[in-house]
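Engineer: These are the residues of each chain, in order.
2 protein chains.
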Amino acid sequence: MKAEVYVTLKNGILDPQGKAVQQSLHHLGYAAVKDVRLGKYIEIELSPMPLDEAKRQVAEMCRKLLANTVIENFRFEIKE
Amino acid sequence: MKAEVYVTLKNGILDPQGKAVQQSLHHLGYAAVKDVRLGKYIEIELSPMPLDEAKRQVAEMCRKLLANTVIENFRFEIKE
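Chains as they are written, first to last, in the numbering used here: chain A, 4 to 83; chain B, 4 to 83.
Pulled out of the complex, with its shape left as it was, chain A reads as follows (with noise of 0.2 Å):
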């Protein structure tokens, strides 16, 4: 089975590298982008498990390592 896990920048949180990724592309033209937020996408893959002891140990591993809750929210997929 396989987590998607998605990392995102709190709002309120500035986003330098978005701001200059945005820039990057009004530079190359591209005057309709208003804003620009980085984040991470992380794929997991797990041995098999029963999905609500997969979502429990994905959340943990969520706070414990791969996102920063103080400024960064996270959300996830399980796929079987």
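These aren't lab readings, by the way, just hints derived from the structure by calculation.
Just so you know, even glycine gets a beta-carbon here, dropped at the ideal spot from N, CA and C.
Do not rely on the hints blindly, as some may be mistaken.
Anything over 10 Å on all C-beta distances counts as not near chain B; from chain A, calculated [claimed, not checked]: (1) Gly15; (2) Lys22; (3) Lys43; (4) Lys67.
Straight-line C-alpha distance at most 30 Å; calculated DSBU-like pairs for lysine-lysine [stated by the list, open to error]: (5) A:Lys58 <-> A:Lys22; (6) B:Lys13 <-> A:Lys5; (7) A:Lys43 <-> B:Lys13; (8) B:Lys37 <-> B:Lys13; (9) B:Lys82 <-> B:Lys43; (10) A:Lys67 <-> B:Lys43; (11) A:Lys13 <-> A:Lys43; (12) B:Lys67 <-> A:Lys58; (13) B:Lys82 <-> A:Lys58; (14) A:Lys5 <-> A:Lys37.
Residues of chain B clear of chain A, computed beta-carbon distances all greater than 10 Å [as the list claims (entries may be wrong)]: (15) Lys13; (16) Lys22; (17) Glu80.
Dock chain B against chain A, hints included.
Structural biologist: For chain B alone, coordinates are given in the frame of chain A:
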């Protein structure tokens, strides 16, 4: 409207950062983790435009700037 872009390493491309995360998860006791791949998740806020035009522009942004298509794949969703 908003574009959600996912950039992932192609299969067969080594992901040392993913391996480092995988090892850290093992050290934390998550023995069920078989593989970890790290990618990017990019949110782009766009001025309103026809959906087809948004798809065209975002695909072009990915090829020109957001993804290195030699080693990375990209996919995206456009949300109103």
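Engineer: Against this structure, judge whether each hint is valid.
Structural biologist: Each hint, compared with the structure:
Every C-beta of chain B lies more than 10 Å from that of Gly15 (chain A), the closest at about 15 Å, which supports listing it as non-interface. Its beta-carbon lying about 12 Å from the closest one in chain B, Lys22 (chain A) satisfies the requirement of being farther than 10 Å from that chain. Distance to chain B contradicts Lys43 (chain A) as a non-interface residue, since its nearest Cβ pair spans about 6 Å, not more than 10 Å. With a least beta-carbon separation of about 6 Å from chain B, Lys67 (chain A) fails to lie farther than 10 Å from that chain, contradicting its non-interface assignment.
Only pairs whose Cα atoms come within 30 Å are accepted, and Lys58 (chain A) paired with Lys22 (chain A) is rejected, the gap being roughly 33 Å. Among the hinted pairs, Lys13 (chain B) with Lys5 (chain A) is consistent with the structure: their alpha-carbon atoms are about 17 Å apart, no more than 30 Å. Between Lys43 (chain A) and Lys13 (chain B) the alpha-carbon distance is near 16 Å, which keeps this suggested pair within the 30 Å criterion. Among the hinted pairs, Lys37 (chain B) with Lys13 (chain B) is consistent with the structure: their alpha-carbon atoms are about 18 Å apart, no more than 30 Å.
Pair hint Lys82 (chain B) plus Lys43 (chain B) holds up; C-alpha atoms about 18 Å apart against a cutoff of 30 Å. Restraint check for Lys67 (chain A) and Lys43 (chain B): the C-alpha separation of about 20 Å stays at or below 30 Å, so the hint holds. In summary, the hint linking Lys13 (chain A) to Lys43 (chain A) is supported, as the alpha carbons are separated by about 13 Å, within the 30 Å threshold. Among the hinted pairs, Lys67 (chain B) with Lys58 (chain A) is inconsistent with the structure: their alpha-carbon atoms are about 36 Å apart, more than 30 Å.
Annotation: proposed proximity of Lys82 (chain B) to Lys58 (chain A) holds, straight-line Cα distance about 26 Å (limit 30 Å). At most 30 Å may separate the alpha-carbon atoms for a hinted pair to count; Lys5 (chain A) and Lys37 (chain A) exceed this at roughly 33 Å. Every C-beta of chain A lies more than 10 Å from that of Lys13 (chain B), the closest at about 13 Å, which supports listing it as non-interface. Listed as outside the interface, Lys22 (chain B) is consistent with that label: its C-beta sits roughly 12 Å from the nearest C-beta of chain A, beyond the 10 Å cut-off.
No beta-carbon of chain A comes within 10 Å of the beta-carbon of Glu80 (chain B); the shortest separation is about 12 Å.
Violation of the numbered hints given earlier is confined to hints 3, 4, 5, 12, 14; the remaining hints are satisfied by the structure.
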